[in-house]
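Student: Could you build all of it, start to finish, from the sequences and the hints given here?
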Amino acid sequence: MTALLEVRDLRTTFATDDGDFAAVDGVSFSVDEGRTLGLVGESGCGKSVTSLSIMGLVPQPPARVEGEVLFDGCDLLRMPAAGLRELRGNRLSMIFQEPMTSLNPAFTVGEQINEAILRHRKTSRADAKALAIAMLERVRIPSPAQRYDDYPHRLSGGMRQRVMIAMALALSPRLLIADEPTTALDVTIQAQILELMRRLREDMGTAIVLITHDLGVIAEVADDVAVMYAGRIVERAPVAALFSEPQHPYTIGLLGSIPQLHVQQARLAAIEGQVPTARAQVTGCRFHPRCPFAVDRCREASPPLADVAARHAVACWRAPLPWQ
Amino acid sequence: MSAVEPSVRPLLRVDALVKHFAIRRGVFGRTSGRVHAVDGVSFDVEAGETLALVGESGCGKSTTGRLVLRLLEPTSGTVEFEGRNLASLDETALRDLRGAMSVIFQDPYASLNPRMTVGQTLEEPLALHGLAQGRRRERVREILKLVGLAPEHARRYPHEFSGGQRQRVGIARALAVEPRLVVCDEPVSALDVSIQAQVVNLLRDLQSRLGLAYIFIAHDLAVVKFLATRVAVMYLGQIVEFAGKEALFAAPRHPYTHALLSAIPIPDPARHRGRVILEGDIPDPAAPPSGCRFRTRCPHARALCSQETPPLAADDGHAVACHFWREIAPPAPLPGTAHTPRNARLEALQAAFRASSA
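Which chain is which? The protein sequence lines are W and F, in order. Following this note's numbering, the numbering of the first sequence begins with 1358 at its first residue and continues without gaps. Following this note's numbering, the numbering of the second sequence begins with 323 at its first residue and continues without gaps.
Be aware that one or more of the hints could be misleading.
[Claimed, not checked] Chain W regions said to be covered by chain F (calculated; three or more residues, Cβ under 8 Å): (1) 1416 to 1429; (2) 1544 to 1550; (3) 1588 to 1601; (4) 1620 to 1634; (5) 1672 to 1681.
[What the hints assert, rightly or not] The following residues of chain F were derived to be distant from chain W, with all beta-carbon distances above 10 Å: (6) 410; (7) 451; (8) 522; (9) 542; (10) 548; (11) 672.
Quick caveat, the hints were computed from the structure, so don't treat them as lab data. A virtual CB, placed ideally from N, CA and C, is assigned to each residue, including glycine.
Tutor: Here it is, written out as structure tokens:
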């Protein structure tokens, strides 16, 4: 299988008053055709900046984006703006966390889906409308022909996210980047949307990069997972291996931090301390101030992301951790 | 969880609480409708226990919390704290009572005054409750230590803190005046997972140390399962199921609870299960459906459900508002601990985190 998207040593730097800050600091991963990669991490770990950098949505300057983003063999970072616009919304799509702010309140739902279709396809308005209504039906919006003429404020949060998905998938993109697509939704609505994404992926074979802070969502939909911490990938593995054999202390702590429905817990294994801020320059492994396994070497040098098993890589000097 | 002492009178008794908000339209503010935010909610809270109010957006859980604190005036119904009806109290008596009941809000960013140092924020309630100036400093130091902050944090401003630390300040403020009941309104929803765990552990430690009662308002059932003694599930302004935590999670009765439980993504890819996925959205609370309010989304709804409102009826202490709950089998059983092979390696490694945080 060939990689549809290959990100190599991506580095996104912002100039701040205290000097340059690399929000994404040397991130590499790849996504194969039709697979779902989960990018998981807490606020400020750089997961959203990673996705915006891939889409060419980080304004340069003030930011600086370096590395390579190969989509179908072409480097998106070196592509002229016109070429990127041709790709976005067509073969490469994105949905965001807040469906209200990503829909234009002054246009009907139908006009907004049509705009995307007509931008990329030479087709009549009538055909575009038919396709838009078919998409609304496909994302299971009730009475799609009527909803087509509605303005976004008339729809609930879950319905708006469906509209965003309909718009993103109208032109059968090969890759969908979904940035916290269900975070703003209630759990029963989240379950609907996740189910919908799963089914659409099966029907259309779209590869997905799913960005989330929720390990539960990752477990439900991802095939592979990359865990990010302070701008770097600290662990990368197939989903089953990540949950059963996590190697990085951060992943282990994160899994212990979630209260679980099916397990009795006396106390959560909270990770003490907090994520380093842009100002704090942590030398060595960025997780070492919070890591109960840290040794001198962790404070001195930054560990590389190295393979511990087939398709399972971890950036930790202490891996494999001794436990018996 | 601390044992609940049998007492004649609960700490808090809420009876048939109703809150309707008027929808006003036009220049003259004519009332064009009423949002039924809370519609006949009753419950007791015993000293030292955690009552969880759970449900999705618009179910009325936060409004209920505010009514309990009398931050909102109820349309009807009563709230009694230690046997005293809140509606009958004058300003002074109410202020005294506010010392015994306090609140932790969801958003630690919005609920702290950015122009006051943490020390000033914490001293304010102490001054209101008449603590002498000299003692206040000391109490602030004590309370900061209690929530895991350092005394020197008193001189800092809220913006100098991270989200988790700010929520610790929020907790410190709630505990400054030694309350007996704390309403926690989504206290960890805005926090990152690793920070959320710190705060959840802290809330639990503080409860066992100080004997606090919590009304814990949340949408996250996993957190609720970790903290609650009893759970009330709300839907469109009403309690649809009310039971002890063990009973509710082991054998949920209301179809809405079934759906809510099965909608939660489980962080374990080896444990996929059958799901109840509800159709549609929560109806408009200004025009709730007739009869059972859940019937428009309920996979088991029948004719009777639109005609008659099912009462919240208790059976062996497990109350449910559904005409047909006896006939509805819970979907796939919730994955239990029995057939879960324990991951000894993961548990041993996570113990290192527990040890470092103890």
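Student: Next step is simple, just say for each hint if it's right about the structure.
Tutor: Verification of the hints:
1. 1416 to 1429: As far as the region 1416 to 1429 of chain W goes, the hint is violated, because 0 residues have Cβ atoms under 8 Å from chain F.
2. 1544 to 1550: holds (count 6)
3. 1588 to 1601: holds (count 4)
4. 1620 to 1634: holds (count 12)
5. 1672 to 1681: Holds: 3 residues of the region 1672 to 1681 of chain W have a Cβ under 8 Å from chain F.
6. 410: 37 Å, holds
7. 451: The assertion about residue 451 of chain F holds, with a minimum of 32 Å to chain W.
8. 522: 6 Å, violated
9. 542: 8 Å, violated
10. 548: With a cut-off of 10 Å, residue 548 of chain F comes too close to chain W, as the shortest Cβ separation is near 4 Å.
11. 672: The claim is violated: residue 672 of chain F sits with its nearest Cβ about 4 Å from chain W, within 10 Å.
Hints 1, 8, 9, 10 and 11, counting from the list given before, are not met by this structure.
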